[in-house]
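2 protein chains.
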Amino acid sequence: MATRIPSSVRTFCATIPRRRHFQLIHRSPSFLERKMSTKQDFKQEPHKIPGPIEVADEVLFANAHPSMSHVSPDFVPVFGDCIRMLREVLFTTDGQPFLIAGSGTLGWDQVAANLIEPGENALVLHTGYFGDSFAECFGAYGANVDQLKAEIGGVVSQADIEKALKSKKYKVITFTHVDTSTGVLSDAKLIAETVKKVSPDTLTVLDGVCSVASEEIRMDAWGIDVVLTATQKGLGVPPGLSVLCASQKAVKVSESRKSPVTSYYASWKKWLPIMRAYEKGTPAYFATPPVNLVYALQASLTTITKSKPTLEERFEAHRRASQRIKAVAKQLGMKQVPLDPAIAANGMSALYYPHGLVASDLLPRLAQKGVVVAGGLHSAIKDKYFRVGHMGITVVDPSRGDVEKVVASLEASVAEAFASKEVVVE
Amino acid sequence: MATRIPSSVRTFCATIPRRRHFQLIHRSPSFLERKMSTKQDFKQEPHKIPGPIEVADEVLFANAHPSMSHVSPDFVPVFGDCIRMLREVLFTTDGQPFLIAGSGTLGWDQVAANLIEPGENALVLHTGYFGDSFAECFGAYGANVDQLKAEIGGVVSQADIEKALKSKKYKVITFTHVDTSTGVLSDAKLIAETVKKVSPDTLTVLDGVCSVASEEIRMDAWGIDVVLTATQKGLGVPPGLSVLCASQKAVKVSESRKSPVTSYYASWKKWLPIMRAYEKGTPAYFATPPVNLVYALQASLTTITKSKPTLEERFEAHRRASQRIKAVAKQLGMKQVPLDPAIAANGMSALYYPHGLVASDLLPRLAQKGVVVAGGLHSAIKDKYFRVGHMGITVVDPSRGDVEKVVASLEASVAEAFASKEVVVE
Chain A
12 MATRIPSSVR
22 TFCATIPRRR
32 HFQLIHRSPS
42 FLERKMSTKQ
52 DFKQEPHKIP
62 GPIEVADEVL
72 FANAHPSMSH
82 VSPDFVPVFG
92 DCIRMLREVL
102 FTTDGQPFLI
112 AGSGTLGWDQ
122 VAANLIEPGE
132 NALVLHTGYF
142 GDSFAECFGA
152 YGANVDQLKA
162 EIGGVVSQAD
172 IEKALKSKKY
182 KVITFTHVDT
192 STGVLSDAKL
202 IAETVKKVSP
212 DTLTVLDGVC
222 SVASEEIRMD
232 AWGIDVVLTA
242 TQKGLGVPPG
252 LSVLCASQKA
262 VKVSESRKSP
272 VTSYYASWKK
282 WLPIMRAYEK
292 GTPAYFATPP
302 VNLVYALQAS
312 LTTITKSKPT
322 LEERFEAHRR
332 ASQRIKAVAK
342 QLGMKQVPLD
352 PAIAANGMSA
362 LYYPHGLVAS
372 DLLPRLAQKG
382 VVVAGGLHSA
392 IKDKYFRVGH
402 MGITVVDPSR
412 GDVEKVVASL
422 EASVAEAFAS
432 KEVVVE
Chain B
12 MATRIPSSVR
22 TFCATIPRRR
32 HFQLIHRSPS
42 FLERKMSTKQ
52 DFKQEPHKIP
62 GPIEVADEVL
72 FANAHPSMSH
82 VSPDFVPVFG
92 DCIRMLREVL
102 FTTDGQPFLI
112 AGSGTLGWDQ
122 VAANLIEPGE
132 NALVLHTGYF
142 GDSFAECFGA
152 YGANVDQLKA
162 EIGGVVSQAD
172 IEKALKSKKY
182 KVITFTHVDT
192 STGVLSDAKL
202 IAETVKKVSP
212 DTLTVLDGVC
222 SVASEEIRMD
232 AWGIDVVLTA
242 TQKGLGVPPG
252 LSVLCASQKA
262 VKVSESRKSP
272 VTSYYASWKK
282 WLPIMRAYEK
292 GTPAYFATPP
302 VNLVYALQAS
312 LTTITKSKPT
322 LEERFEAHRR
332 ASQRIKAVAK
342 QLGMKQVPLD
352 PAIAANGMSA
362 LYYPHGLVAS
372 DLLPRLAQKG
382 VVVAGGLHSA
392 IKDKYFRVGH
402 MGITVVDPSR
412 GDVEKVVASL
422 EASVAEAFAS
432 KEVVVE
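So the sequence lines, in the order shown, correspond to chains A and B.
Counting along the first sequence from 1, when you hit position 390 you're at 401 in the numbering used here, and nothing is skipped either side.
Counting along the second sequence from 1, when you hit position 79 you're at 90 in the numbering used here, and nothing is skipped either side.
Bear in mind the hints are in silico, worked out from the structure with no lab data behind them.
All of these numbers come straight from a predicted model, not from anything done at the bench.
Treat each hint with caution, since some may be false.
It does not matter which identical chain is used: a pair holds within one copy or between any two.
To be verified - Computed cross-link-like contacts, EDC-like style, restricted to lysine to aspartate or glutamate with a CA-CA straight-line distance of at most 16 Å: (1) Lys269 / Glu128; (2) Lys46 / Glu56; (3) Lys59 / Asp394; (4) Lys59 / Asp85; (5) Lys280 / Glu147; (6) Lys281 / Asp143; (7) Lys281 / Glu147.
Could you put the whole structure together from the sequences, leaning on the hints where they help?
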């Protein structure tokens, strides 16, 4: 078909010097005169380890990706890859991932906003700080919340869970897989089995912020309806991405709710078409995804799912490192916060200070040796214990020497702390 | 005071070989055997420009910062710096910044969740796609929303705004400073003056996702109550951080609300103590901040507020680049979507395709020349126009040659497109 060009445009086009264009377009001054950084030569700066978790060089390099539109054909498959690989990490074939810019906390809002309607009941199993907060989040969305509180360092008994589930109709039950404030590991498989047996309609929600990719989670086989997490722990990526995976049952519950979702940003109704589009390879827009973090997540998930060690070997590496650190801690006179080794997390340790020592005796000495640990978080025992992370590349890549460095620093710091005191030996 | 050490711990400590510790602690294998990357030598990979916006090498390098705890004494002042520098960019002395992991969209939730109570009225000035979405967000939180819709490419008249404000008591009025879907720039100062004159209790909310740091915003002088934005446009940082600044008046309105905030993650009640603590140099925890993005924001805000050009010169550079690109577009037969040059954004252009050309004639040719533009977004004219960004380092650092490359690529692509057609000259 013939095209009409206004004569003024034709005249202007005729004046455009071709050579100048070629130079300007093909000889951008920005890149030709300098050597760009490559994945191979990028090495992060020296820093204290391992807190909260080490991030691999290639993941940080991905986080420094040049600016890229979220609807670019180069980026769309990266997002799709993350969705697919997340399913592998959680052992689910049809779970629906949601990757949304936000902190791990946004996962709670997603659950409370989409799966509970005002006036419905939620049961929160409490093994530390994060139970209280999740309960408060449910309250903000109008749910009635009951908490079953374990003693500090303990887990809620199966008998108590059964009793509660029989007493009332709960829309959801939640538990913190690993509560960072106590280092307690809940038995996800057993809890899900109990729910299925006693109250099969209840949705089982696993808060996996501190457990995904460091503890085994088999979403389909165990019947978990929601796993929510964040990037900055076992996934080994900087923080800023709320990572959630919902079973098809959970998605249907959200789709068939009667009252509208009282959040805009956390609404699955908004995000579901986006996640499905990106997985199919088509861009879609609701809110701009955190593009660089998605590149970083892709880099880390590729390592986790596509290279040695396998996922099972990864979990085993976490168990081994955990046993090593906990055994040394015991020898140094440190009791664990978890009341039983069977309910202690494999990706972190919560350790009481040795008898006679306090935070200021130990933490500065560890820091001086290049080891970062976290102080206490559980308000009832805040000043009596500290927490050390041992997950991700710290335990999976022994050539880094991170675990041995933590062990050696703990030993030396305790010995120095005691030596600095006037000591009466029992 | 005497300290008692259990004898088993004493025995164990005595067995710890000092030399081994020294080696393990001070000769970490991770860093001594390799050359780390430095800010000076980090150069991002070649990529198409300028879409959506170019990010400087030093900002990307900051985004690749080694893992750092959000409560680390090294990180806390970085967060505080961002809070203080954001005030400078917005010309406010006592505005309260909120920096929260999330997309720009989360800023709407913050406004709708904290400043409006169910049943109260919100007035949305609509100059494109984003007005509808902000209105929908208000609806999710139970507000009654009225929209004043401008014609495509236009702005709402002062007379209509006055009339609406006189007709009903509005808790908030919102406008999109630059609507990315139309490239229309609203007159923030005039709108705020009108509100103060007609309805002084109404809070004025400026959606500055596409305008902060590329268009002048004087929060205090003009009496703007909320500026909400994101990192990935004029601030020149990868996406993933919701950036908002509230006047003390707005903070007080949120603090004196009668009904509870029906969001957990977007609740200022939760975030206010965190922001205040970080500004004072003390860490506090509600949800993990996106640490690396905060480092990146610090790097960019430092450039924007502490080096040449000044903020005023920066705005002027945006105006100049905008005029250059719009003048060339006009010569190429492209009409602007904004109906009047006086209401056209300075950080982007929304341009109708030249008569006789469509998206597939132009966009692939631009991409081939290394220039990324965005297709249409406003549903009524989606296939008739495209959008090109010219903000941040692209316009502030002429040595990059970005603007000239965009100009040259536009000229060449239009000429090629016409040349490829069977042309009938008018």
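Hint by hint, here is what the structure shows:
no.	hint	result
1	Lys269 / Glu128	within (8 Å within a copy, 22 Å between copies)
2	Lys46 / Glu56	between (20 Å within a copy, 9 Å between copies)
3	Lys59 / Asp394	neither (22 Å within a copy, 53 Å between copies)
4	Lys59 / Asp85	between (35 Å within a copy, 11 Å between copies)
5	Lys280 / Glu147	between (23 Å within a copy, 13 Å between copies)
6	Lys281 / Asp143	between (28 Å within a copy, 14 Å between copies)
7	Lys281 / Glu147	between (24 Å within a copy, 11 Å between copies)
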